[in-house]
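Trainee: Chains as they are written, first to last, in this note's numbering: chain A, 17 to 746; chain B, 17 to 746.
Just so you know, these hints were derived from the structure itself, not from any lab. Keep in mind that a hint or two might mislead.
Identical copies carry no separate label here, and so any pair may be met within one copy or between two of them.
As the list claims (entries may be wrong) - Straight-line alpha carbon distances no greater than 30 Å define the calculated DSS-like cross-link-like pairs of lysine-lysine that follow:
| hint | residue 1 | residue 2 |
| --- | --- | --- |
| 1 | Lys364 | Lys53 |
| 2 | Lys522 | Lys450 |
| 3 | Lys143 | Lys111 |
| 4 | Lys522 | Lys263 |
| 5 | Lys107 | Lys388 |
| 6 | Lys436 | Lys626 |
| 7 | Lys569 | Lys436 |
| 8 | Lys505 | Lys419 |
| 9 | Lys263 | Lys615 |
| 10 | Lys204 | Lys445 |
| 11 | Lys64 | Lys419 |
| 12 | Lys396 | Lys445 |
| 13 | Lys419 | Lys626 |
Computed from a predicted structure; not experimentally measured.
So the chains spell out like this:
Number of protein chains: 2
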Amino acid sequence: MDDNHINNDEAVDEHPLEGIMNPRSIAIAGAGNNPMKMGALQALSIIKDGYRGKIYPVHPEENVVFGCKAYYTPKILPARPELVIFILPAKHVVKLLEEFGERGARRAIVISAGFRETGPEGEELEKQLLEVASRYGIRLLGPNCLGVINTENSLNVTFVPLEDRVGVLGMASQSGTYITQTLPYLQKKGIHFSKAISVGNEADLDLTDALEYLGKDRQTRAIALYIEGIKNPDRFLEVARRITPHKPVLAQYVGGSAAGARAGSSHTGAMAGPDHLYDGLFKQAGILRVHSIEDLYHQGWVLATQPPLKGKRVAILTNSGGPGTAMAHICNEGGLEVPRFSEKLQEKIKEHLPPYASAGNPVDLTFHLETKELSTAIPKLIMESGEADGLMIHGLMKTGFLKTIYPHLADLVGNESEEKFAARFNDDKEEALKLPRENKMPLILSSFFGREDDYTSAYQDNYYPVLDGPEKAARGMLALHQYNLARKKAALGPGELPPQSAPATKIIREALDSGNRVLDEYSSKRILSCYGLPVSEEELAYTAEEAIEIAGKLRYPVVLKGCSSELTHKTGSGLVHINLENEAAVRSAFSEITRAAGKDMAVLVSKMIKGEREVMAGMIRYPGFGPSVVFGLGGIYTEALKDSTFRLAPLSRTDAADMISDLRASAMLEKFRGMPAVDKKSLGAILQAVGNIALLHPRIAEIDLNPVIISGKDPVVVDALIILGNGKDH
Amino acid sequence: MDDNHINNDEAVDEHPLEGIMNPRSIAIAGAGNNPMKMGALQALSIIKDGYRGKIYPVHPEENVVFGCKAYYTPKILPARPELVIFILPAKHVVKLLEEFGERGARRAIVISAGFRETGPEGEELEKQLLEVASRYGIRLLGPNCLGVINTENSLNVTFVPLEDRVGVLGMASQSGTYITQTLPYLQKKGIHFSKAISVGNEADLDLTDALEYLGKDRQTRAIALYIEGIKNPDRFLEVARRITPHKPVLAQYVGGSAAGARAGSSHTGAMAGPDHLYDGLFKQAGILRVHSIEDLYHQGWVLATQPPLKGKRVAILTNSGGPGTAMAHICNEGGLEVPRFSEKLQEKIKEHLPPYASAGNPVDLTFHLETKELSTAIPKLIMESGEADGLMIHGLMKTGFLKTIYPHLADLVGNESEEKFAARFNDDKEEALKLPRENKMPLILSSFFGREDDYTSAYQDNYYPVLDGPEKAARGMLALHQYNLARKKAALGPGELPPQSAPATKIIREALDSGNRVLDEYSSKRILSCYGLPVSEEELAYTAEEAIEIAGKLRYPVVLKGCSSELTHKTGSGLVHINLENEAAVRSAFSEITRAAGKDMAVLVSKMIKGEREVMAGMIRYPGFGPSVVFGLGGIYTEALKDSTFRLAPLSRTDAADMISDLRASAMLEKFRGMPAVDKKSLGAILQAVGNIALLHPRIAEIDLNPVIISGKDPVVVDALIILGNGKDH
């Protein structure tokens with residue numbers, strides 16, 4: 017292969033990050049020999065942590081950098097570098113990228129800060145960077161990122177040295193710190209990345225690309241995302257939906273509060289949106305949301321290392337009542353069961369317990385110095401019983417504990433060393449480590465001892481999570497359960513759009529032509545009708561006589577409402593009259609409306625819809641997001657309870673069904689106090705339609721259906737409002 | 017002092033735990049010389065961890081135990097032991113306790129298991145134990161506990177050796193593991209107990225006694241409780257209320273779910289009640305509730321070591337955007353502010369920042385190797401600015417990080433050792449540690465480096481919390497904020513009971529005499545009226561004519577309801593007719609009711625109360641608890657939303673006000689959609705009265721006021737049900 021020639025052998029469908037994570041050669045631009053500079057640390061990681069490709073330092077003055085021959089310009093490199101890593105000041109990057117482009121480089125990581133995140137000047141510099149990259153077909157990560165880690169080929173581009181251990185958790189982060197500062201911390205926890213990617217400013221390759229890459233990566237068994245804002249939620253959703261059915265994805269999102277957004281945007285420059293939109297997005301994508309970096313790592317590691325939970329039954333084995341109780345409590349709250357074991361199994365377990373210990377599940381051995389019961393004897397009974405789908409063990413420990421008590425015992429055990437003292441005790445780690453794999457059962461351990469304990473380190477080194485607290489172990493088990501629920505839902509994908517309705521388009525065009533941004537209730541509902549939504553039967557009346565005639569057709573009782581695009585909030589202003597039983601009532605209501613409006617006004621005569629249950633549905637366009645559908649409690653409770661849920665359009669049938677069960681008050685939509693269960697198919701269709709209408713008509717800025725009254729089992733849209741925009745805000 | 021004589025010099029008001037935590041002499045019953053037995057470990061802790069009082073091992077065979085002269089029976093002890101610790105098998109304890117009683121011992125810790133927690137036989141043994149104790153005036157801790165720790169006098173009765181460091185966090189636990197297994201773990205976190213008490217079966221001294229003792233203890237600055245069930249919630253509340261205004265108390269409660277309760281009760285034998293009752297109890301007591309043992313320790317340590325947060329403004333200083341964003345997010349969600357700093361302060365801070373870093377708050381230095389800005393320069397500016405009430409710092413580290421990168425640099429820095437290499441970097445720990453104390457400002461640090469880092473260990477050793485994650489630091493700051501809110505409320509104490517109402521007593525007596533356990537709506541409301549509750553105006557009618565006459569007096573519209581003690585759920589059965597506007601409607605409703613009832617029935621004619629807002633109030637007696645008042649959303653939402661809150665009677669005015677603001681839908685009770693704010697004083701008085709009625713009339717088992725309709729601004733009880741019990745269930 018002529019290595020000086022631009023290499024065109026890249027597979028057509030190779031992911032753009034492949035050349036960044038798995039390059040055959042790397043040029044490092046900017047690293048000198050001063051180990052006290054940050055850039056040097058990155059160069060050292062690449063050189064020293066086991067990467068076996070070619071390394072070309074490029075430096076204007078040095079001939080050798082950390083033992084590698086250096087080159088003063090890309091032009092004289094002996095071969096085309098597959099990847100270039102920039103760790104020099106921002107102002108030099110653009111020019112140098114051009115030179116590397118000339119030399120045939122097609123992938124770059126720009127660690128350098130000083131671009132868009134610093135203001136207008138930096139933004140301009142970032143534009144130039146992208147322009148050069150695009151001219152040469154260079155795909156780049158960063159700028160303002162902290163590099164990547166690939167434990168498969170021992171490539172470490174971060175400034176923190178990396179233990180040589182192959183991990184299975186993939187990580188993509190909008191904060192570089194979570195793949196650098198945390199590395200020693202993760203080692204102590206026995207958690208290891210497969211691949212980790214700091215995306216920085218996401219000028220070119222972004223978080224979604226990283227997700228996509230990790231989704232395809234065979235070494236990666238679960239994916240953890242740290243998110244402050246997603247650039248293109250639609251694409252993110254599409255990519256995530258392809259991954260989550262077969263690989264767990266977890267996300268921590270922290271952009272949603274005022275100060276959070278400020279801190280976030282100053283860091284990544286990415287768009288931060290409100291919390292509940294992201295919440296809906298993650299649900300829709302089948303992504304498990306966590307709320308701390310520790311949970312992201314812990315639960316990610318559980319999902320990456322443990323087999324699926326085949327059912328909901330969890331066994332808990334402990335040497336202490338408190339942790340067992342805490343684990344059971346959390347499992348129960350999260351929808352798992354901690355079933356009492358059969359008498360038969362309890363009898364078998366009791367053979368291994370002191371007389372006062374509990375065998376029912378949680379099994380509490382109470383504290384003693386031998387580990388065998390906790391590590392093998394009872395786990396074996398539980399795993400082979402068929403009475404549990406997952407196991408948690410708390411308190412398994414040996415050397416950690418023995419070291420702790422050794423100072424008190426040292427003079428009593430003569431000259432015996434700590435090691436010899438420890439050897440007095442049983443060791444069955446080999447069997448213990450085999451058991452769960454043989455039984456294909458997830459195992460999560462909780463221990464207050466870290467890697468100073470031989471059981472903790474042995475389990476961790478064999479890809480069993482050992483977490484530092486019972487509640488954390490239990491939340492890990494819940495993550496397995498939640499993934500089971502999420503993967504089923506995400507598998508279905510988005511729904512299909514119906515064709516655009518010509519009559520609806522006409523109503524919108526007419527409103528725009530007449531300068532109306534707000535559609536009146538009647539027009540709003542006609543649009544909804546075009547897409548099959550169940551709206552109250554109604555007609556417009558311009559005189560009391562017309563109103564009476566319509567009421568006669570619809571049959572009493574009816575509702576009269578003033579109808580004008582100038583009215584958005586009608587209640588309480590004398591413009592709405594409900595439950596009218598006869599002609600006299602209609603006549604009086606009509607004149608009331610005219611009086612309240614202070615002028616002649618069209619009056620909508622609708623059939624009165626009765627129902628105790630009210631919900632609302634709507635659509636908003638949040639900056640940076642496509643149309644989002646909202647569903648919530650209706651009537652006066654909408655505002656007071658904020659019991660609502662969001663999804664991005666288009667909604668799948670599963671998305672719509674999930675929205676309905678998301679409500680805290682969802683029990684109200686089941687068979688409830690003598691009322692029938694709501695027709696969820698029909699309600700779900702309303703939610704899907706609201707999203708579809710927004711996609712088919714970009715000029716619609718907002719839709720508000722409130723209330724949708726549940727009449728018997730059927731949802732009926734009783735009031736509706738559609739607001740138009742310029743179609744460009746979003 | 018004649019030491020052989022029973023000592024009567026105990027102060028009259030000395031707490032019974034004082035002699036257990038601070039004894040001048042200890043007899044250890046049951047420890048031999050075999051270091052492989054658990055009991056030996058406890059004896060060794062007492063002997064080796066620095067306790068300076070007299071120690072008398074008592075053992076049937078040994079003459080010397082671990083170097084201390086041993087005695088074969090209490091009878092031959094050279095002096096009265098103030099405290100006896102039992103670590104021998106349960107069956108020997110009772111007899112030996114008697115002998116120690118003879119010898120003058122008045123305090124005991126019974127570590128031994130095998131009592132009530134094992135079943136009827138053990139229960140009998142525990143009774144005997146108590147009988148002997150009471151005969152000799154012995155107060156005892158346990159049985160089935162793991163001992164106590166007092167770092168003030170270096171007394172350690174647990175089986176785990178203890179570092180000699182005086183702590184400030186008091187702990188009382190219903191699981192012994194949390195003051196034993198966790199000791200090495202806590203040392204690694206730099207968290208140290210003042211005193212710790214494992215209460216075991218609570219046969220005599222219980223968790224509330226431990227709380228009371230720790231409340232009085234001057235060394236203890238905050239109290240952490242691990243709870244599986246409280247024996248006497250009323251006394252617990254009374255004791256906690258006295259403590260929380262001046263000393264923070266935190267609790268983890270995990271007894272509330274089915275499996276949790278099973279595990280818990282098998283361990284402590286204590287009563288476990290439903291979660292929401294404990295939730296209310298803690299709120300009422302001014303106790304902060306946490307949901308994991310880690311939070312209990314972390315937040316306890318923050319509250320024990322940091323000065324109060326004087327306001328809501330938090331400053332965040334970090335070397336990385338992600339952790340800063342995460343901290344800000346959690347602070348905002350929890351009601352703290354992360355205010356943007358003034359331009360003036362930002363200018364000053366910017367002098368210490370790289371050009372692309374953010375000074376607005378969070379201040380993000382971005383990563384670099386020198387610590388000065390993070391440890392002193394910027395903290396000083398922030399603390400002296402008056403623009404923040406508390407500070408969080410993430411990422412302060414030196415030797416931990418330098419050790420991490422040293423392997424990459426070792427050969428580049430020649431023969432320089434790790435230590436010398438570290439000495440190249442600035443060290444300003446002394447100044448850094450002084451700053452917060454000088455400024456009386458709470459400081460919480462977050463670091464991914466443990467005690468291997470010199471900054472982490474220095475801060476920890478100087479009583480600043482260094483927690484292993486930004487979210488944990490932020491939750492610590494929230495705990496300071498929540499304590500500020502809680503202490504104000506708890507300070508007020510319970511409300512006073514009004515006198516018993518003779519007419520109400522009469523109604524109840526008549527119902528009992530006639531064998532009715534369910535009071536009809538009219539009688540129920542009359543009782544409520546006796547205590548000043550606002551009920552709908554109404555009278556009973558036995559004929560349609562009477563009903564019409566009453567309706568005329570009350571003025572239309574009215575409501576007619578069948579009224580009988582046989583009816584508890586009336587809606588939907590044709591027995592309720594609302595909004596009746598005229599005589600004809602009343603007449604027709606009356607006959608409808610007679611028809612629906614299938615017989616003549618008294619009919620309640622009430623004035624129609626209108627209001628869009630409905631709430632409910634009630635009272636239940638849960639086993640082990642006194643009467644509890646419940647408040648929630650009314651109407652169909654009561655069940656669907658489970659938006660309710662509990663408190664133990666009697667309620668203070670603050671308790672009642674808190675219940676109202678507890679509701680997720682509380683916004684609905686403010687000025688809301690054109691409706692006035694609810695009269696909270698009147699609503700609160702209803703809640704207080706419901707609790708008072710239950711206390712004044714023990715025969716009332718349940719009260720249910722649903723709905724209470726908000727008419728204008730006034731709550732009116734529209735339906736009510738009182739159920740009587742035998743007065744003994746509770």
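Trainee: Each hint should be assessed against the structure and marked as holding or not.
Mentor: Hints, one by one, checked against the model:
Taking CA atoms no more than 30 Å apart as the test, Lys364 paired with Lys53 passes between copies only; the shortest distance there is 26 Å, against 63 Å inside one copy. In this assembly of identical chains, Lys522 and Lys450 lie within 30 Å of each other by CA distance neither inside one copy nor across copies; the values are 69 Å within and 73 Å between. For a Cα distance limit of 30 Å, the shortest separation of Lys143 from Lys111 inside one copy, 13 Å, qualifies, whereas the shortest one across copies, 87 Å, does not. For the identical chains of this complex, Lys522 and Lys263 are neighbours neither inside a copy (45 Å) nor across copies (69 Å), given an alpha-carbon limit of 30 Å.
In this homomeric assembly, Lys107 and Lys388 come within 30 Å of each other (Cα to Cα) only across copies, at 27 Å, whereas the closest approach inside a single copy is 63 Å. In this homomeric assembly, Lys436 and Lys626 never come within 30 Å of each other (Cα to Cα): the closest approach is 81 Å inside a single copy and 82 Å across copies. Taking the shortest alpha-carbon separations for Lys569 and Lys436, neither the intra-copy value of 97 Å nor the inter-copy value of 95 Å comes in at or below 30 Å. With identical chains, the CA atoms of Lys505 and Lys419 are never at most 30 Å apart, being 49 Å at best within one copy and 46 Å at best between copies.
Proximity of Lys263 and Lys615 under a CA criterion of 30 Å is satisfied in neither setting, with 63 Å inside one chain copy and 66 Å between copies. Taking CA atoms no more than 30 Å apart as the test, Lys204 paired with Lys445 passes in both settings, with 20 Å inside one copy and 26 Å between copies. Proximity of Lys64 to Lys419 under the C-alpha cut-off of 30 Å is restricted to the inter-copy arrangement: shortest distance 16 Å between copies versus 34 Å within a copy. Proximity of Lys396 and Lys445 under a CA criterion of 30 Å is satisfied intra-copy only: 13 Å inside one chain copy versus 52 Å between copies.
For a Cα distance limit of 30 Å, the shortest separation of Lys419 from Lys626 qualifies neither inside one copy, at 73 Å, nor across copies, at 72 Å.
Of the numbered hints stated above, those contradicted by the structure are hints 2, 4, 6, 7, 8, 9 and 13, listed in ascending order.
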